[in-house]
Amino acid sequence: MRGISKTSYAWRIAATVLGIGLLLNGSLRMSDDAWPVGPLSQYAFSPAKDTTIVITRVEGLLADGRRIDLPLRVETAGISRAEIESRIPQITADPSLLRSVADGWSSRHRGVPRLVRVWLVQDQTRLVDGRVGPTRLVELTTWELPS
Amino acid sequence: MRMLRSVGSWFMPVVPESRVAILRTVLYLFVIIDIHLFVRDPIPLSRHPELYQPLLIERLFQLPPPSVPLTITLYLILMTGCLVAASNVMPRLAGAVVAAAFTWWTAIGMSYGKVDHDHLALVVALWVLPTVGVIAERWRSTERSRQAGWALKCIQISVIFTYFLSALTKIRSGGWSIASWPESSILLWAIVRRPHGLGQFLLPYPELLHLMQWMSFTAELTSVVVLWLRGRALLAAAVFWMGFHVFTLAILYIHFAPTAICWLAFAPLERLGPWLRRVKASRGQRAGRRSPGHAMPVLRDQAIDGGG
Numbered sequence: 000m001r002g003i004s005k006t007s008y009a010w011r012i013a014a015t016v017l018g019i020g021l022l023l024n025g026s027l028r029m030s031d032d033a034w035p036v037g038p039l040s041q042y043a044f045s046p047a048k049d050t051t052i053v054i055t056r057v058e059g060l061l062a063d064g065r066r067i068d069l070p071l072r073v074e075t076a077g078i079s080r081a082e083i084e085s086r087i088p089q090i091t092a093d094p095s096l097l098r099s100v101a102d103g104w105s106s107r108h109r110g111v112p113r114l115v116r117v118w119l120v121q122d123q124t125r126l127v128d129g130r131v132g133p134t135r136l137v138e139l140t141t142w143e144l145p146s
Numbered sequence: 000m001r002m003l004r005s006v007g008s009w010f011m012p013v014v015p016e017s018r019v020a021i022l023r024t025v026l027y028l029f030v031i032i033d034i035h036l037f038v039r040d041p042i043p044l045s046r047h048p049e050l051y052q053p054l055l056i057e058r059l060f061q062l063p064p065p066s067v068p069l070t071i072t073l074y075l076i077l078m079t080g081c082l083v084a085a086s087n088v089m090p091r092l093a094g095a096v097v098a099a100a101f102t103w104w105t106a107i108g109m110s111y112g113k114v115d116h117d118h119l120a121l122v123v124a125l126w127v128l129p130t131v132g133v134i135a136e137r138w139r140s141t142e143r144s145r146q147a148g149w150a151l152k153c154i155q156i157s158v159i160f161t162y163f164l165s166a167l168t169k170i171r172s173g174g175w176s177i178a179s180w181p182e183s184s185i186l187l188w189a190i191v192r193r194p195h196g197l198g199q200f201l202l203p204y205p206e207l208l209h210l211m212q213w214m215s216f217t218a219e220l221t222s223v224v225v226l227w228l229r230g231r232a233l234l235a236a237a238v239f240w241m242g243f244h245v246f247t248l249a250i251l252y253i254h255f256a257p258t259a260i261c262w263l264a265f266a267p268l269e270r271l272g273p274w275l276r277r278v279k280a281s282r283g284q285r286a287g288r289r290s291p292g293h294a295m296p297v298l299r300d301q302a303i304d305g306g307g
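Chains A and B supply the protein sequences, listed in that same order. Per numbering that gives the first Met the number 0, the first sequence runs over residues 0 to 146. Per numbering that gives the first Met the number 0, the second sequence runs over residues 0 to 307.
Isolated chain B (complex conformation) (with noise of 0.2 angstroms):
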């Protein structure tokens, strides 16, 4: 019985809720530069309907099939939608329908032939966010709850999958070995298929290509430790994983960013909201030296630390 309840407070622990509430505003607004910068082609793609071909979930919902005034209809709801949910208002209702048509757009984005898998943690994160429900007084909200707790660990758990499993899917196409993936000629592949980073200087030397291969790999797999690390090694697995990305940014021109922006369920945004009312107490205060008639400077801060 106490094991299942440390399992049970593992998957929700208690978690302050301006955490989701400054998350929420952060990612429905990544969102609106989602739809505009990576799975930007409903719209355009939905004038082929000869070359579409339906996913499981959208045969399984029987979605109709994408047209010119569906995706528009989904990319307005998406951009009003985003901007209700990003200042936490009906957090429930706007944070379900952009879920809905979010998981919608990219799946008709993947409709089409190509499915990437940077989206998984950005996916369900939305989904997981409306959950929290109605948070009083938003990103100063002083609450803390297990509901908050839930919903960041789900998007925590996603980020790391989207590592984790990749290596095991590498695992799984290579005949179920370990060696096969990180021993291919998967990255000298990938920099010829895209010139267009760093990585054409990499191309004379396949021996280092494979050391980086066998280096990607032993991180992907052995990511999973990152969901009980805490504090400065929390951070610095962070650090590591951002410069993964900048990497691969660098040599073959691919980003992750819907994983990458997901890495602040990690972090104690709750500090956020106190760190900028100091900054702007001590801006203030200095402003006030410069000017000797500003009224009680130093009241004025008391008040503002007393609310963080």
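Chain A on its own, in the form it takes in the complex (with noise of 0.2 angstroms):
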């Protein structure tokens, strides 16, 4: 068995100790900020019965007069869903954000006619006592492409 000295077994066990103190701290008290050593808080809210369920989606229209879903995937725009709802606020305040996703969708669809316009768009799907309910489309902005 190979030995171990007393610097080794002390700055292990005070590391230990930080580092579990960091993960307790972080779920009892910080914010996704403190990652890694943030809260644990992937799916961990909880939704109301009545709550409405978004889902947010980028649609475009193509030069030949189609209007097409811009799926929000990293392969398809390079960016994801997530990354866009994260930044909702910002992009209808200053609604050109939308070319991250405009830019992303257009360089891997090259044969594709170019996009003219883009819009920010939400399934809304209400919970009716906890089961689900009706969807409706709402459009949050949209952004005309410079030709």
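Do not rely on the hints blindly, as some may be mistaken.
Okay, the calculated beta carbon distance ranges per label pair [claimed, not checked]:
1) Leu202(B) to Asp68(A): 16 to 24 angstroms
2) Leu17(A) to Ala286(B): 53 to 61 angstroms
3) Ala286(B) to Ala13(A): 48 to 56 angstroms
4) Lys48(A) to Met2(B): 46 to 54 angstroms
5) Glu74(A) to Leu275(B): 31 to 39 angstroms
6) Gly132(A) to Trp227(B): 40 to 48 angstroms
Note that these hints are calculated values from the structure, not bench results. Positions of the beta carbon are idealized from the N, C-alpha and C atoms, including for glycine.
With the hints as a guide, bring both chains together as one complex.
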């Protein structure tokens, strides 16, 4: 068996105590900003029985007149839905931020007619007493691409 | 004093170093998969500096904002570092480089609004694995040490804390109430938002979803017990949690692969080498029987058994 010096032993105990302390502190007091020692908050909140569930999407008008969904995934638009969702206030204040989606999508779809306009939209599904209720489409903002 | 010593040996049990050598290979190769399949967006995200919001860790270390050259450099460092570290060569240097680069890479991936929590155990693993240092004979090592035991214990604690702390966060977010999360519409919410999995078939049954929420919450809250399990009970717990991950993958299309792979820190991986050698030997023996002219299969078996 390999030996272990007193110093080695001591710093390991100190690191363990510090690590566990940081993690507990993160979960009990901090926000996501403290990653990797923030709270483990994925799916950790408690939506009410009458909450409204939103799915944020981006739609685009092509030069040939078709209006299509631009799927918010890294492979299709270079950015994912969660990243866009967390920036909704900034995007509605400055719709040109939708350029990230438009550029990301266009660079991955070269053979398709060019994008003329994009919309930030939401499918809003209302829960009624804990069951799925009606869904409606809401337009949050729109941005016309410079030609 | 005796209590302090027993607490110390719980955190630093004596375990075979080959276990760490094998886990290094698996986890460093997994990081290569991870940067291609899971945290795969730092390079495309770095094209959008206007959306970057640095996390505390990036502000604390004053890390430069991500740019395309920076993220590509990190990618190349990770690829090279992982291949070197996976072969247990220069474990301290290569391991430390991978730990720092992967932490930064993942932090960049989480700096555009969405923070995931499936990487806690893997990030901890990458920081503690280099501390074991050089393991002579790597996978075949017969050495045992507390250094190896501490590294594995840290990974085990991080795996279990991924569950336990998420239960604490649920209690906190529900206004310090035990029942608010399990009684909420969270699974319904998640299934509506991710309609790709089998979960959509459960949408008409909110009572069943509540029952599932109670079960997973109870499992998470009591998960700490796993740290004291051994043998078959530990195996049963591991099978249960793997089943849990398969289940969430099936109904929500959410995987926790980086946490799941770290469950290997609980496994007696040191048995893998001798087992592989036995399988190889018995194959050799069978082949030997088929060809009568084969040179002394019995002797070769003895040498292999002796080496195991």
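Right, here's what the structure says about each hint:
1. Leu202(B) to Asp68(A): 16 to 24 angstroms: Since the Cβ atoms of leucine 202(B) and aspartate 68(A) sit about 22 angstroms apart, the hinted range of 16 to 24 angstroms holds.
2. Leu17(A) to Ala286(B): 53 to 61 angstroms: Once the Cβ atoms are compared, 55 angstroms apart, the range 53 to 61 angstroms for alanine 286(B) and leucine 17(A) holds.
3. Ala286(B) to Ala13(A): 48 to 56 angstroms: This hint holds: roughly 55 angstroms between Cβ atoms.
4. Lys48(A) to Met2(B): 46 to 54 angstroms: At roughly 49 angstroms between Cβ atoms, methionine 2(B) and lysine 48(A) fall inside 46 to 54 angstroms, so the hint holds.
5. Glu74(A) to Leu275(B): 31 to 39 angstroms: holds, 37 angstroms
6. Gly132(A) to Trp227(B): 40 to 48 angstroms: holds, 46 angstroms
In this structure, every one of the numbered hints holds.
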